[in-house]
Amino acid sequence: MPDVAEIFETMEYGPAPESRERVQEWLDTKGRRFGHFIDGRWTEPEESERFETLAPATGQPLAEVSQGTPEDVDLAVRAARRALKGWRGLSGHQRARYLYAIARRIQKDARMFAVLETMDNGKPVRESRDLDIPLVSRHFSHHAGWAQLADTELAGYVPVGVVGQIIPWNFPLLMLAWKIAPALATGNTVVLKPAEFTPLTALLFAEVCRAVGLPNGVVNVVTGDGRTGAALTHHDDVDKIAFTGSTEVGRLIREATAGTGKRLSLELGGKSPFLVYDDSDLDSVVEGVVDAIWFNQGQVCCAGSRILVQEGVHEELTRKLKARMETLRMGDPLDKGVDMGAIIAPVQLDKIQKLVEEGRADGAEIWQPSWSVPREGYFYPPTLCTNVSAASEIARVEIFGPVVVLMSFRTPDESVELANDTRYGLAASLWTEDINLALDIAPRLKAGTVWINCTNLFDAASGFGGYRESGYGREGGLEGLWEYVRPEWEEKARLRNPAVVPIEADLLGVSPAAGGGSVAIDRTAKLYVGGKQVRPDAEYALVIRAHDGAAAGEVGRGNRKDIRNAVEAAHAAAPGWAARTAYNRAQILYFLAENLGARSHEFQDRLRSLTGASKRKASREVELTLERLFTYAAWADKWEGRVHPTPFRNVTLAMPEPWGVLAVVCPDEAPLLSFVSLMAPPLAMGNAVVAVPSERWPLLATDFYQVLDTSDVPPGVVNIVTGVRAELVSVLADHDDVPALWHFGPAELGGVVERRSTGNMKRTWVDHGLARDWMDPDQAEGEEFLRHATQIKNIWVPYGV
Amino acid sequence: MGTRRSVKKAWQAAWLVRAVRLMDLTTLDGSDTPGRVERLCRKARQPVRPDLLEALGIRELGLRTAAVCVYHERVETAVRALAGSGIPVAAVSTGFPHGQNPLPQRLDEIRASVAAGAEEIDVVLTRSHVLTGRWEAIYEEVSEFREACGSAHLKVILGTGDLAMLRTVGRASLVSMMAGADFVKTSTGKEAVNATLPVGLTMVRAIRAYLERTGYRVGFKPAGGIRTAKQALVWLIMMKEELGRPWLEPNLFRFGASSLLGDIERQLEHHVTGRYSASYRHPLA
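Sequence order for the protein chains is X and Z.
Residues in the first sequence are numbered from 202 upward in steps of one, following my numbering.
Residues in the second sequence are numbered from 6 upward in steps of one, following my numbering.
Think of the hints as simulated: they come from the structure by calculation, not from any bench.
These numbers come from a predicted model, not from an experiment.
Hints are supplied without guarantee of correctness; some may be wrong.
[Said to hold, decoys possible] Here are the simulated DSSO-like cross-link-like pairs (lysine-lysine), alpha carbons at most 27 Å apart as the crow flies:
#1 Z/K14 with Z/K235
#2 Z/K13 with X/K309
#3 Z/K245 with X/K523
#4 X/K309 with Z/K235
#5 Z/K245 with X/K521
#6 X/K818 with X/K693
#7 X/K762 with X/K733
#8 Z/K235 with Z/K195
#9 Z/K245 with Z/K14
#10 Z/K14 with Z/K48
#11 X/K523 with X/K555
#12 X/K727 with X/K693
[Unchecked claim] Ranges between beta-carbon positions, derived for each pair:
#13 Z/R172 with X/P218: 54 to 62 Å
#14 X/E488 with Z/A169: 18 to 26 Å
#15 X/G357 with Z/T8: 23 to 31 Å
#16 X/E691 with Z/R172: 49 to 57 Å
#17 Z/A169 with X/G357: 45 to 53 Å
#18 X/N637 with Z/T219: 45 to 53 Å
#19 Z/A169 with X/D913: 47 to 55 Å
#20 Z/R172 with X/F831: 49 to 57 Å
#21 Z/R172 with X/K309: 38 to 46 Å
#22 Z/E246 with X/E248: 46 to 54 Å
#23 X/W568 with Z/E246: 17 to 25 Å
#24 X/P218 with Z/Y281: 55 to 63 Å
[Claimed, not checked] Just a sample of chain X residues kept apart from chain Z, beta carbon distances all over 12 Å, derived:
#25 E213
#26 F252
#27 S447
#28 F610
#29 R843
Ideal placement from N, C-alpha and C gives every residue a C-beta, glycine not left out.
Construct the complete structure from the given sequences, taking the supplied hints into account.
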């Protein structure tokens, strides 16, 4: 050890290790072997197949944990099911007490959790101590608050039920908290599978559950690898899966749960842009980059891994970054003065190395600091890739390591184009001293979180989640709670009568009815695309029969090209529609009501003759349709974002944004009302719509063309494709440029929608065959529809001069 | 900064010794007498008890503070008291702490202090120029101070507590450096808010920017409000991280402090004995 005189000259930092003593004691008292935590008890590890969990910083084993079998998962799900009734039956306040106790317990054992997390994961103790663990207790206490308020703030909603949760290894306990806290607050019970690389803090958390006296079965922890996760995903008695991890596995889970009625929320990968404008404070930018990509060794789903810098400051930023990288300290993650710890496992280390080498082969310049990484354990140095083309692999795939690519742009418009040139959309960070520029760019970025002059800030009060292939659903804040509740009426709702009336493709069609001594003029409903009535691509027609079997008319049989054209027309119209003021959209919805009202008798007659509805019922359907248009005209300028009170000197703006293009597939029941009920909310929120009307009774929608034409609806904002539902649904589900798709109709087609949505991980909303009463406003209108018609973007704006 | 680096054990002791070496031991009270200043000067020569230096293994180091900082009236006393020690005397000047005297008088003040033997002059800016954006006036003023100093070191006090905005602090730093400041210094110690880390960081980065553009190294002196050993470590860490090892030498970094030394002495004794120390065990400054 150097003496004081020597250090006085060198001014080196020296080691500053955090003690691991208490964690070692705890592991020893457990015999370094763990079972699963099921129904409030530990299973016997001796009876299970086991595997080791290693310390990435040394490669040494820490403990053995059990490999969860399908039987273990089944036991856990049963325990959760048994516990559900009692748990959801508690008052919000009673659940709040448990969550508060968990928050406090974690706070009291904070250092123990931090050290254990660092040992199992390899992340610097500075991060686990100052970020992960405080955020964990913050998350539980914030959600204790939601539990307290749930009875009033979530009135009309019930818990989803038994939730299977699968979490990653990069923030083991924090991701546990993000999953468990909202689930418990809203009255669900949980089976959690921690990542196989990092199970230990979840097991320590199980002890917390016991210590606070959480009722048995409310939280169950089953350890294991992907097979255990698959068993949980496939289990019949799980009501919802919440997953955080790779987009690849997210896809598999979407496919596995499709059509089962399981709810799903996914938080997946990213390749988040980090935009630097030429007026930004480059010294702050450099520190931002450090926190964006070298935080947790870059093993962060929202890591700012793509620096896009304006050309004028390109060189200066590169120079400053390199200088800063030289002063980063890598080493024993338990050392309090270390910036970067170890990569989780050799398999990840290999992946990073491989991608970087590919990048080099692609012509990228790879720069790493001059210092060398520790030889023991799994370490990879901070890496800057310049001279990277936007097309190269290294600029497109998620590396999940401390590797950042740097590219330049010329103008703000180009920066947005480059930023959005990715399949992902988890987060973005932008740096400028110009508030006007910042607030112009932020809404244009396709990302669930936008940090202005900051990065990687998280809080329980703010939702976090992705656009595009970065997943769906939000975690945190009010927006996160919706993933764990469903409307109360659903519990009593019946399944739709599955009677399918075959429709005919009749080449000869229907003759115009004779009337008044002369032949009526032939009336052929076409498709409605881009504001015009267009003939279907294949020029086939379908005969539509009334309830009594009589031919009532014909509609075009749309095919995949018609869907393609409709989606294109919708995309062309969407930006302009979204850019209109909400007030203007409201005016157009009112105008639709006005013009429909003028023709209400015509629509009543059509309903009566087609569906056989009584006069009273038909008149009521039209009346309610008018009312519904009023409802969404009313909502158009009232569906407000929120300002989340995050505990920083900032504002966090939660802004609902339209999807762009939203496709809706309408049911047969109440064919006018359901069509308008599904079309109006997306329109009100600024989406362009591609609608597939009722297959059986599409004439209400085709009659509606003229209402659209006379109501100032801009061309392409509403597109209607009639035809055979099953054909059109598949094309829509497959379409990679349809970000969101609603399906109300036969359960098996809902399954198709979910299964085939994985190409672009589109947001699906399907009714799983549940019959919704379109006449009942509780079921058929309001906030649930608006939530599905938008996604929340959280924009973090710091204060400061 | 304080949570990203940590120095423990021998390293902590060495860093605290370094902090002592970088200290402008200061007394700036209306009640300063020759006797008070003489006592301070003795402390500057022997800032840490010899037995502690012995235990730390640094008796040979000849540890002393970087300078002694006093009002003009006490310069002569200090110069006399420090004779032969190599410790320079710094004088606060130019209508310290408000800087509101007529300019010729302020320049005379500098010349008088230099004539009296002060090797370093700590001047205050005309804050009203800064607040009204009269950067050229600042530049001219500092240039004149520079000239009046001759070969004496010029430290320019920005009075950051009065400047309100970090970007103003950054600009004032740059203008002072361009006009010839050897050091930029945060505060007089008399403003309501003195040396804070965000202000320090802003100034340090201005120094870096100036270095990058011109190749000139300018020193930094945070002053006021730095009272504990722990605070001192954070400032040192900031200097090492932002500007590197050269800025841990007295020619480029100083603490302006009066009570900091006492806390460091106690921490050093704790390092040596393992017991928490009491202030009365260390000679008064």
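Results of checking the hints against the structure:
no.	hint	in the structure
1	Z/K14 with Z/K235	13 Å, holds
2	Z/K13 with X/K309	25 Å, holds
3	Z/K245 with X/K523	16 Å, holds
4	X/K309 with Z/K235	25 Å, holds
5	Z/K245 with X/K521	16 Å, holds
6	X/K818 with X/K693	24 Å, holds
7	X/K762 with X/K733	16 Å, holds
8	Z/K235 with Z/K195	22 Å, holds
9	Z/K245 with Z/K14	19 Å, holds
10	Z/K14 with Z/K48	25 Å, holds
11	X/K523 with X/K555	22 Å, holds
12	X/K727 with X/K693	39 Å, violated
13	Z/R172 with X/P218: 54 to 62 Å	40 Å, violated
14	X/E488 with Z/A169: 18 to 26 Å	23 Å, holds
15	X/G357 with Z/T8: 23 to 31 Å	45 Å, violated
16	X/E691 with Z/R172: 49 to 57 Å	55 Å, holds
17	Z/A169 with X/G357: 45 to 53 Å	50 Å, holds
18	X/N637 with Z/T219: 45 to 53 Å	33 Å, violated
19	Z/A169 with X/D913: 47 to 55 Å	52 Å, holds
20	Z/R172 with X/F831: 49 to 57 Å	51 Å, holds
21	Z/R172 with X/K309: 38 to 46 Å	42 Å, holds
22	Z/E246 with X/E248: 46 to 54 Å	53 Å, holds
23	X/W568 with Z/E246: 17 to 25 Å	20 Å, holds
24	X/P218 with Z/Y281: 55 to 63 Å	22 Å, violated
25	E213	7 Å, violated
26	F252	35 Å, holds
27	S447	30 Å, holds
28	F610	24 Å, holds
29	R843	30 Å, holds
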